[in-house]
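Number of protein chains: 2
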Amino acid sequence: MSILTVGTVAFDSIETPFGKADRIVGGACTYISWAASYFHKDIRLVAVVGDDFPQFELDAMRSQGINLDGLQIKEGEKSFFWAGKYHENMNGRDTLATELNVLADFDPVLPDSYKDSQYIMLGNLTPSIQMKVIEQLTVKPKLIVLDTMNFWMDIALDDLKAVIKKIDVLTINDEEARQLSGEHSLVKAARVIREMGPKYLVIKKGEHGALLFHGEEIFFAPALPLEQVFDPTGAGDTFAGGFIGYLASTDDLSFENMKRAVVYGSALASCTVEKFGIEKIKSLSIDDINDRIRTFEKLMTVNMESLVK
Amino acid sequence: MSILTVGTVAFDSIETPFGKADRIVGGACTYISWAASYFHKDIRLVAVVGDDFPQFELDAMRSQGINLDGLQIKEGEKSFFWAGKYHENMNGRDTLATELNVLADFDPVLPDSYKDSQYIMLGNLTPSIQMKVIEQLTVKPKLIVLDTMNFWMDIALDDLKAVIKKIDVLTINDEEARQLSGEHSLVKAARVIREMGPKYLVIKKGEHGALLFHGEEIFFAPALPLEQVFDPTGAGDTFAGGFIGYLASTDDLSFENMKRAVVYGSALASCTVEKFGIEKIKSLSIDDINDRIRTFEKLMTVNMESLVK
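One line per chain: the protein sequences are B and H, in this order. Counting in this note's numbering, the first sequence runs from 74 upward without gaps. Counting in this note's numbering, the second sequence runs from 74 upward without gaps.
Treat the hints as calculated values from the structure; they're not laboratory data. Possibly wrong hints are sitting among the right ones.
[Unchecked claim] Among the chain H residues that face chain B by a calculated CB cut under 10 Å, a handful are:
no.	residue
1	162
2	258
3	291
4	293
If you're wondering where the values come from, they're calculated on a predicted model, not measured in any experiment. Where is the CB? At the ideal position from N, CA and C, for every residue including glycine.
The following block holds chain B by itself, in its conformation from the complex:
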């Protein structure tokens, strides 16, 4: 199977109660691609950077099996930059700076070799750009997953709704689900959102886990309680990458396998937040991932053998 990943490849400056990191590599597509790369080796990246983006980071991605033929490198321009500061309790963050740079006029062009991709992961980005990617596909993909955020609901709701119509799985957080649906109950919100197009909805609740909705079914995967969350940046993107990576590697779109994909996404996200930026997601081993999955199993598993009489 092939995975197409789309999104930002960028620099972040991050401040959390535990430290500061200045102009480190980040971006939705970076986290997504690294996370998916542990499951699958045919990953096709679509993104744009300036000529300030470090060559060794691109080399590291290539060695990991990430195809960069769809990466545009703009000479004389700068990569997208975001700076943010997390609140004391890590439950919120303030954006300190957003410099669009190369992203301002990003026109995604799919190399011909990408146009038959089977699993499509549209990372958080302008909805009209996400749509342009879908329009260039020449073969109907097996699955299109889209991640987005409240920002696009505020400024580009019509474009967002248009692209949401075309996808199979939407991943958003709980507040975004409430905003998009106008419903407070997540059960009702899920119903409204799935009527907009996607058959599956993943509601990410950060430290409170993730919900998967499909038909009348609901599955919940917890987040792993951690000793220390150093940096929540990229957790949602990592989740998305692990989710689609696992699905593509198993090529099984049953609800049962979707549930497993949610646990794999959650497991990888729990790794990402333990270090700053992409440090941890770049340096995992298969054993690390399997150990983390075993920890999730212990956290979640109970045998409800006997009912009350």
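Following the hints, position chain H against chain B.
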């Protein structure tokens, strides 16, 4: 097995975004006893009410197998009264009135027939009163569970710490765990709190589920995503009642069975919040409970058969 339940039996006035209920029956011990009564028939209640408390409510409890020999009825006095209003998103509430009435000088007296109780559920109440109950036990119980809240951490921390030393299981919410421990990470908070005495800690996270900590083990039970939460009042008390009721009925204190007890507690709590006050917890059937448990199983269960290679 026998269960001793201690706490308030009272009146509540409740306002939520979905309606208002004036002077309805509530109180921690009421919810706890009703919830436990579905599992077990030897329930011994210790509480105090005024002569304003409706006889038919007491009769209903007696018919359900709840022993009221330890209920003090104070002639010419009024029952404890609490009035509160929930915020629009149900995530918080304001207390509008608290009238201690009979609770002001409550001196719990255990009937002799209660003193050998094996499972003790100390509902949210003044820590020194919880302690007085423990001191009257003549036979070492199998399990003491204590529920409390931030209010007692603010005004009676030393008394609270003294009683926490004597118990086996503490149930509090996430913010209270952080306050009591001074740690933000719940993993660290759990370690600090268990050093205060209890071998087991349950951290209740409301709509985000509940965590059970013991030794190096952690178990997570989700809350059921609901169409509508009408009234969160009593959810934590109901959880505690279901938890201890299930444990007493199975008389099995293994970690595996504690996990099941957390799911039963969560299942009953998910019922309570669907109606105002005790309306729903008073009218459950065994089939209702077992159906709810099956729903929880579907929500939680995933087979992580194959690991990544």
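Verification of the hints:
Hint status for residue 162 (chain H): holds, given a least beta-carbon distance of 6 Å to chain B, under 10 Å. With 10 Å as the threshold, the beta carbon of residue 258 (chain H) comes within range of chain B, its nearest partner Cβ sitting at about 6 Å, so the hint holds. Given hint, residue 291 (chain H) at the interface with chain B, holds; its Cβ is 6 Å from that chain's nearest Cβ, closer than 10 Å. Proximity of residue 293 (chain H) to chain B holds as hinted, the smallest CB-CB distance being about 4 Å (cut-off 10 Å).
Checked against the numbered hints listed earlier, the structure breaks none of them; every hint is satisfied.
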